[in-house]
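From first to last, the protein sequence lines are chains A and B. Heads up: the first sequence begins at 1 in this note's numbering, then just goes up one per residue. Heads up: the second sequence begins at 1 in this note's numbering, then just goes up one per residue.
Pulled a few chain B residues facing chain A out of the computed Cβ check, cut under 7 Å:
| hint | residue |
| --- | --- |
| 1 | Thr60 |
| 2 | Val62 |
| 3 | Pro72 |
| 4 | Cys104 |
| 5 | Thr108 |
| 6 | Phe165 |
| 7 | Glu167 |
| 8 | Ala190 |
Looking from chain A toward chain B, a few residues come up when the C-beta cut is under 10 Å (computed):
| hint | residue |
| --- | --- |
| 9 | Met1 |
| 10 | Val24 |
| 11 | Gly36 |
| 12 | His69 |
| 13 | Ile70 |
| 14 | Phe119 |
| 15 | Ala122 |
| 16 | Gly143 |
Covered stretches of chain B (in silico footprint by chain A; criterion: 3 or more residues with CB under 8 Å from a CB of chain A, positions within the stretch not fixed):
| hint | segment |
| --- | --- |
| 17 | 110 to 123 |
| 18 | 150 to 159 |
Please keep in mind that the hints were generated in silico from the structure rather than gathered at the bench. Beta carbons are placed, not taken as given, at the ideal position from N, Cα and C, and that holds for glycine.
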Amino acid sequence: MAHLDTADALARARAYPHAVLSYVGADGYPVNVAVGFTASVDRATVDLDALGPDLRPVPGQDVELTFSHIRPQPGIGYDERRYVNVWGTVSTQAAGAGHGVQVSVDRASGWDEQDTPFFEYAERGVTAARQYLDDLGARPRMGPWWTFFLATRLPFLTATLIPVGLGGVIAARDGAFHGLWFVLALVAAVAVHLGLNMANDLFDDASGADAANVTPTPFSGGSRVLQYGLVTRRAMLGGCVALYAVAIGIGIALAAERGWGLLAIGAVGLVLSLAYSAPPLRLVHRGLGEPVTALGFGPVMALGTYFACAGRASWQPVLASLPVALLIALVLYVNQVPDRAGDAAAGKRTLIVRWTPAQVQAGYTAGVVAAFACIAAEAAAGVTPLWTLLALAASPLAVRVRRGLRAHYAQPYALMPAMQANIGLHLLTGLLLVAGYTIAVVS
Amino acid sequence: MNSGGPDDDERVNPDSGEAAAEFRGGDRAACTVRRVTDLEPLLPAPVRALLDVALVGELTVVDDAGRPITYPLIPLSDGNLVYMTSSVLFSRKLRHIKANPKVCVSLTDPVAVPVEPFHRATIQGDARVVEDELHEGWERLLPLWRAKEPAIDFFLKRRFGIPLFFERSVIEITPHRVLWWEDGRTSDPARVYELAGVS
Numbered sequence: 001m002a003h004l005d006t007a008d009a010l011a012r013a014r015a016y017p018h019a020v021l022s023y024v025g026a027d028g029y030p031v032n033v034a035v036g037f038t039a040s041v042d043r044a045t046v047d048l049d050a051l052g053p054d055l056r057p058v059p060g061q062d063v064e065l066t067f068s069h070i071r072p073q074p075g076i077g078y079d080e081r082r083y084v085n086v087w088g089t090v091s092t093q094a095a096g097a098g099h100g101v102q103v104s105v106d107r108a109s110g111w112d113e114q115d116t117p118f119f120e121y122a123e124r125g126v127t128a129a130r131q132y133l134d135d136l137g138a139r140p141r142m143g144p145w146w147t148f149f150l151a152t153r154l155p156f157l158t159a160t161l162i163p164v165g166l167g168g169v170i171a172a173r174d175g176a177f178h179g180l181w182f183v184l185a186l187v188a189a190v191a192v193h194l195g196l197n198m199a200n201d202l203f204d205d206a207s208g209a210d211a212a213n214v215t216p217t218p219f220s221g222g223s224r225v226l227q228y229g230l231v232t233r234r235a236m237l238g239g240c241v242a243l244y245a246v247a248i249g250i251g252i253a254l255a256a257e258r259g260w261g262l263l264a265i266g267a268v269g270l271v272l273s274l275a276y277s278a279p280p281l282r283l284v285h286r287g288l289g290e291p292v293t294a295l296g297f298g299p300v301m302a303l304g305t306y307f308a309c310a311g312r313a314s315w316q317p318v319l320a321s322l323p324v325a326l327l328i329a330l331v332l333y334v335n336q337v338p339d340r341a342g343d344a345a346a347g348k349r350t351l352i353v354r355w356t357p358a359q360v361q362a363g364y365t366a367g368v369v370a371a372f373a374c375i376a377a378e379a380a381a382g383v384t385p386l387w388t389l390l391a392l393a394a395s396p397l398a399v400r401v402r403r404g405l406r407a408h409y410a411q412p413y414a415l416m417p418a419m420q421a422n423i424g425l426h427l428l429t430g431l432l433l434v435a436g437y438t439i440a441v442v443s
Numbered sequence: 001m002n003s004g005g006p007d008d009d010e011r012v013n014p015d016s017g018e019a020a021a022e023f024r025g026g027d028r029a030a031c032t033v034r035r036v037t038d039l040e041p042l043l044p045a046p047v048r049a050l051l052d053v054a055l056v057g058e059l060t061v062v063d064d065a066g067r068p069i070t071y072p073l074i075p076l077s078d079g080n081l082v083y084m085t086s087s088v089l090f091s092r093k094l095r096h097i098k099a100n101p102k103v104c105v106s107l108t109d110p111v112a113v114p115v116e117p118f119h120r121a122t123i124q125g126d127a128r129v130v131e132d133e134l135h136e137g138w139e140r141l142l143p144l145w146r147a148k149e150p151a152i153d154f155f156l157k158r159r160f161g162i163p164l165f166f167e168r169s170v171i172e173i174t175p176h177r178v179l180w181w182e183d184g185r186t187s188d189p190a191r192v193y194e195l196a197g198v199s
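Chain A on its own, in the form it takes in the complex (with noise of 0.2 Å):
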């Protein structure tokens, strides 16, 4: 329950039909017990309705009122849920029975879910929790394969997905695909972005950016892992090194294979990877991290793929790549509405902290019209395959995702079906891209 001003409290109390009077006994047990109001704001008094004799607290003695309200809705069980918590003491009670009493207010609390959503609710109870599961000696269980996908964010691999395909397809294109050092590539790429994303979520709890954020969503927020205590940042930090390891070692392994070009390209994934959200550099604090994750999520990936693959460099994977890296950095946009009271808070200053959400709205508009443009022109002047035109056919997604942040920009739970959207618009785009290509291979 959140503290509210009194004068709100009892405004917010008249909309209920009744109260529910508590006070402690002379046998030192609580008694509750409901009955009829009349709340005065100005006066910041209740006066109660006439309770049976031997119920009425006695003036001086401390009391609450709770006014509590839900809406039944049977097969699910009840929303609207609200209620309201004054304490005061009693001033006045007059004799005799049919006569109430009246109780003067000072303080009150309160939750309402249409102001502050059950989730958010949840979420500033975490700090508190921790507390008591400390104070337990307990921590909070949770399996390992469910520990491994939300401490991974194992669903944003979509983002690797569709670079490294595009990699692979485009040397499938040019005669050079090779099964093992696709695989190897993609295992590669898979291991540095689960390994970023642990990265940022370290970095992200460090700088209190994830701490302060109360309206996480499963697409904004960071994994939580570590707020919820469901992981420790030692084991955090053990995960992400043995990630980091894995890439590293397949990309040394790749190059001393397939040419040492490939370390340079890797070199250059694995310090964007860092450098998005590590000290000293922290990009993303500087409002870069729409960049930063273009390029890695964009060319570096798709490059790292070919060249794997090929055992050269080509522009061919670069070029291809471009507008699936406008539409991921779109997917970190969108996904940063949410986070931006926190990362304000923590300083963490991205492009949505510093412009208004008419500049985000727009910023966004223009971000799509580049990448479909980059689409249609790149087929167009023949660097891409013109069945790769397929992937026009993602765009109304866009629209969707418009819709949704110029409705419910300011609204995080609401907004998730648009960052679903956008998600699915990355998604769907590279996938059509692909097979686009691999039309283009076969036919």
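Fit chain B to the given chain A structure using the hints.
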């Protein structure tokens, strides 16, 4: 099984009932004492009927300063004890109960307690916080919870998304006294059940 309704209660002389005399707010003329046997649920039948359907009850605990503090929660019952569960996310009430186990649960809202005709009840008792197994110990109450809030299964299947919400303590309340208003009018004297024989 004995229905355990109010007519089955052993009526006693209220003037000789020490527990009744202690209750400043009770209507001693209507005081009854129930005795627990293996066959008879502790709580009177009408109170059990309220608890069976109540979506929300008001749990009042006593804070460190000796003041009441009330939490709307789903009340569950097996007919003898009243159960509520609390996530560690909302643990303040648990700390209060551990410091002072005297609690009270009221069933007051005609919307949240959908019975016809409407009654009201207040149950006083001693609470115990059961948290040996926060992760799944509370799940023994899931059938009772599910009956009132079927959507809980939807969220439980996705507990990885709100893991701390499902680290839960059980508040187990042994009732000692029930105040009962047949027609819900609390301006009338309450019928008082002193529940004896609880160890």
